[in-house]
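Enquirer: Each chain is listed here by its residues.
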Amino acid sequence: MNTATSTLAQAAERPAWRWKKALASRAAAALPMIAPAHALVLTVLVIPAFYVLWLSFYSSTFGKAPSFVGLANYSHVLGDPYFWRALWNTVLIIVVVVHVELLLGLGMALLFTSGVPLKRFLLAATLAPYAVSEVSAAAVWRFLFDPDAGPVTQAALALGLPPLEWSINPAHGLSLIALLSIWLHLPFTFLILYAARLSVPAELYEAAKIDGATAWQSFRRITLPLLMPAILLAALFRYIFVFRIFSEAWLLTGGGPARTTEVVGVYLYLEAFRFNAFGAASATGWVMVLVSLLLGAGYLWALRRQGAGRGH
Amino acid sequence: MATNNGKAIKKLAVPAGKWLAVLVILLWSLVPIAFMVMSSVKPGQDIFAVPPRLTFTPTLQHYVDLWTRWGSFFHGLLNSFIITAGATLLVVAASTMAGFAYSRIRGPWLERSAMFLIVVRLLPPIVITLPLFGVVNHIGLNDTHLVLILLYATFFVSLGTILMRTFIDQIPYELDEAAMVDGASRFTILWRIIRPLARQGMLAVSVFVIVYAWNEFLFAFIFTSTKAKTAPLVISEMMGSLDGVEWGVLFAASTVQLIPILLFVLLMQKHLVAGLTGGAVKG
Numbered sequence: 026m027n028t029a030t031s032t033l034a035q036a037a038e039r040p041a042w043r044w045k046k047a048l049a050s051r052a053a054a055a056l057p058m059i060a061p062a063h064a065l066v067l068t069v070l071v072i073p074a075f076y077v078l079w080l081s082f083y084s085s086t087f088g089k090a091p092s093f094v095g096l097a098n099y100s101h102v103l104g105d106p107y108f109w110r111a112l113w114n115t116v117l118i119i120v121v122v123v124h125v126e127l128l129l130g131l132g133m134a135l136l137f138t139s140g141v142p143l144k145r146f147l148l149a150a151t152l153a154p155y156a157v158s159e160v161s162a163a164a165v166w167r168f169l170f171d172p173d174a175g176p177v178t179q180a181a182l183a184l185g186l187p188p189l190e191w192s193i194n195p196a197h198g199l200s201l202i203a204l205l206s207i208w209l210h211l212p213f214t215f216l217i218l219y220a221a222r223l224s225v226p227a228e229l230y231e232a233a234k235i236d237g238a239t240a241w242q243s244f245r246r247i248t249l250p251l252l253m254p255a256i257l258l259a260a261l262f263r264y265i266f267v268f269r270i271f272s273e274a275w276l277l278t279g280g281g282p283a284r285t286t287e288v289v290g291v292y293l294y295l296e297a298f299r300f301n302a303f304g305a306a307s308a309t310g311w312v313m314v315l316v317s318l319l320l321g322a323g324y325l326w327a328l329r330r331q332g333a334g335r336g337h
Numbered sequence: 032m033a034t035n036n037g038k039a040i041k042k043l044a045v046p047a048g049k050w051l052a053v054l055v056i057l058l059w060s061l062v063p064i065a066f067m068v069m070s071s072v073k074p075g076q077d078i079f080a081v082p083p084r085l086t087f088t089p090t091l092q093h094y095v096d097l098w099t100r101w102g103s104f105f106h107g108l109l110n111s112f113i114i115t116a117g118a119t120l121l122v123v124a125a126s127t128m129a130g131f132a133y134s135r136i137r138g139p140w141l142e143r144s145a146m147f148l149i150v151v152r153l154l155p156p157i158v159i160t161l162p163l164f165g166v167v168n169h170i171g172l173n174d175t176h177l178v179l180i181l182l183y184a185t186f187f188v189s190l191g192t193i194l195m196r197t198f199i200d201q202i203p204y205e206l207d208e209a210a211m212v213d214g215a216s217r218f219t220i221l222w223r224i225i226r227p228l229a230r231q232g233m234l235a236v237s238v239f240v241i242v243y244a245w246n247e248f249l250f251a252f253i254f255t256s257t258k259a260k261t262a263p264l265v266i267s268e269m270m271g272s273l274d275g276v277e278w279g280v281l282f283a284a285s286t287v288q289l290i291p292i293l294l295f296v297l298l299m300q301k302h303l304v305a306g307l308t309g310g311a312v313k314g
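These protein sequences, in sequence, are chains A and B. So the first sequence is numbered by our numbering: it starts at 26 and just counts up by one. So the second sequence is numbered by our numbering: it starts at 32 and just counts up by one.
FYI, nobody ran anything at the bench for these hints, they're computed from the structure. Some hints here could point you the wrong way.
Dumping the calculated DSBU-like pairs for lysine-lysine here, alpha-carbon to alpha-carbon at most 30 Å [as the list claims (entries may be wrong)]:
#	chain 1	residue 1	chain 2	residue 2
1	B	LYS49	B	LYS301
2	A	LYS144	B	LYS49
3	A	LYS144	A	LYS234
4	B	LYS301	A	LYS144
5	A	LYS234	B	LYS49
Working from the sequences, and respecting the hints, build out all of it.
Expert: Shown next as structure tokens:
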């Protein structure tokens, strides 16, 4: 009897046990508060995503019972030249858009911190495109670059430059999509880099100046290394988001002419909602998910590294 | 002498280069918007004038046409407003609660569930339209405000939670402890102490959701058709008539859709910067 109670007492004293109990009570306290956020994410994102995985192994269309086809949808998509074209276009757009944004954003961040005239107004102007919807921006783009009468086309002709024949030339169409995407998202990339630059202590530059460092040296040795985590983060963030590009392409070229300017998002949309090939669209969807997770693994890895660098 | 000259040139060249850069940034950012707004008040025949006409007699004709012939646009604006408000309330409420839990309660599985919220955000929106399209039709949610509110809220609740956690981390824990001594429950603490002090974070989260929900195209395109159609979708329909785009009316609609959100972004600039840096840098 005595020994039994003492063992119980000992068990209660055991830190692991207490720890587990504390954990359980903390879990009970946290659960109702994190429940709404998780309920949204589970019902709208996670369950549908797995349903798409299931769909991708079935042949299905509206009003027909789905039948299991194994990997046929995947082999269909991976054997479809239009898919590869769309993927290639997407990769091209990603490479151009993300790197141009980073370069311009970094340049602007440095320009802003070095002191610019009309700073407040300039910051407001820089952020303005962030407020413009993809639809309105695409409308303006179609107007400015109208092949016959658009102001930019006219200006190019007046300067003796070849105009963008974006409605007939795929390369021009893709350039226009990339340009629109950069215009819409540069404010965001710039803000991330600008905020990172603002958090670099000014003393570092003063110390470097005292030591006789040139502007280039302090950029190379202070700015760039200290901004690297933010640059990496912005880059991966944008890789993931440009990979799912849809609206800019859909609203500007609709994938045309003759499906030459499709991106993966547009390809998926057409398969699903125009050709009613839900199986093939689902397989495309899961290819997108896997690529996104791969990019995301890089993002999380960068996040961890940045966290470690900050010391938490 | 030569070095002196060089220095003088450098002194002049730096500000000149800066002014040039400033000018380029201004042109790049504002010219498309200026064309949109200007063309909306230009008489029809002047919109495509070569070279572009900077002086013209402004007219409100396109706005009158918009009002008389595109009633669906104003209905779309109302829908956009309802959906934006709903999604924002939902995101702010859900992410303040979750952010509070993640900030105050620690545990390995909680960390994992926070990570889960981020990882899930990697799923491309277009992928989940496939199964949701059928389900939404099946349960009769097609073309309703609710479906867009839920979708928009879901796509920002992860970022919202992470942001709120960062902001709530900056509220001293001693305040919670003092309230707990007085016997306050966690929900009382959240409502009485955290909510008023985390307003800055809630504003930052709202800015992101509001801009996204007001402008979103893909989900509105797939899940709404008439009743719950948002303003961007109506604008895309105006653009869709390939051979007969009425540019003046189209730009009038774009301008009406843009002005409120543009003013809002400019007004909330500070919170936008605060949101991107988790409140670490005061814009």
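Enquirer: Now, for every hint given, state plainly whether the structure supports it.
Expert: Going down the list of hints, with the structure as the test:
{"no.": "1", "hint": "LYS49/B - LYS301/B", "verdict": "holds, 24 Å"}
{"no.": "2", "hint": "LYS144/A - LYS49/B", "verdict": "holds, 12 Å"}
{"no.": "3", "hint": "LYS144/A - LYS234/A", "verdict": "holds, 25 Å"}
{"no.": "4", "hint": "LYS301/B - LYS144/A", "verdict": "holds, 14 Å"}
{"no.": "5", "hint": "LYS234/A - LYS49/B", "verdict": "holds, 22 Å"}
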